[in-house]
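Enquirer: This is what each chain is made of:
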Amino acid sequence: MSVVPEARNTPKPESATDSELRLAGAWRVVVLNDPVNLMSYVVMVFKKVLGFEEARARRHMLEVHEQGRSVVWVGLRERAEAYVFTLQQWHLSATLEPDEA
Amino acid sequence: MKRKGIEVKLSLPVVVPLLDVVRELAGELRRSLAAPPVLPDIDAEFRMAWEDELLAGQGEDLKALLSVFGSEFFAEGVVAFDEGNAEAIVRACTAVRLRLRDRRLRALGDETLETGDVDLAKLDEPLRKAFMSYLFLATLQELIIQHFDSIIIGP
Chain E
1 MSVVPEARNT PKPESATDSE LRLAGAWRVV VLNDPVNLMS YVVMVFKKVL
51 GFEEARARRH MLEVHEQGRS VVWVGLRERA EAYVFTLQQW HLSATLEPDE
101 A
Chain Z
1 MKRKGIEVKL SLPVVVPLLD VVRELAGELR RSLAAPPVLP DIDAEFRMAW
51 EDELLAGQGE DLKALLSVFG SEFFAEGVVA FDEGNAEAIV RACTAVRLRL
101 RDRRLRALGD ETLETGDVDL AKLDEPLRKA FMSYLFLATL QELIIQHFDS
151 IIIGP
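For the protein sequence lines, the chains are E and Z, in the order given.
Here the first sequence is numbered in the working numbering, starting from 1 and rising by one per residue.
Here the second sequence is numbered in the working numbering, starting from 1 and rising by one per residue.
Bound-form chain E, shown alone:
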């Protein structure tokens, strides 16, 4: 049995309710730049894992490439962990951080 939520069937992003986030705190899924992954690969992974449309996937890919990082999702910790795990399965450099904004 998987110790983290099933990666290949990760649900597509949806917003947690405000009250849920107030209670549990929000977490960011952050993707960091690396010199290895192809731009087309990163766009494909964003579309597959996060359910992004092409334009949004490209925008986040370029943000990673040009600014070194991009926040690709914000929400409850458990879901954020699932996204990070799946992005790591695709060998993207992804991590979690508390959303303190």
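Hints may be right or wrong, so weigh each one.
[As the list claims (entries may be wrong)] Listed below are several chain Z residues computed to face chain E (Cβ distance under 7 Å; list not exhaustive): (1) Pro37; (2) Leu54; (3) Arg91; (4) Arg101.
Keep in mind that the hints were calculated from the coordinates and are not lab data.
Where is the CB? At the ideal position from N, CA and C, for every residue including glycine.
Given chain E's structure and the hints, the job is docking chain Z onto it.
Expert: Here is chain Z on its own, set in the frame of chain E:
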């Protein structure tokens, strides 16, 4: 329903030497992650389970990559990609490319890896072979993404 697939004919004299590099690194990657995860605020037991699961998936992906270089490849230079192996292979290519960068291509620097602006004639043989392997795997990825993008992404 017929599975979507492509066959690609590769140059045996060019690719076979690169497979030595790919196989060696794939062997290393059975025991360690290509990109060790950054996981703050996670307890040790959960981290270990997380990494074990990533490693198991990585191993399966590498098996899929190596299996396309079987007897048909060595007889005719042909490799086949289809709906069943495309996703695993495109991931495995990334794993090996990451390991190449860490273990064999440090001398080139990350900026050079990103631009690909390298004079192959100026590289010594091991570095040239490693960089050629890096480019070869990127080419396989581009090919797979071009043909299977919508299948990998899914509905």
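Enquirer: List, from low to high, the hint numbers that the structure doesn't satisfy.
Expert: The structure breaks none of the hints.
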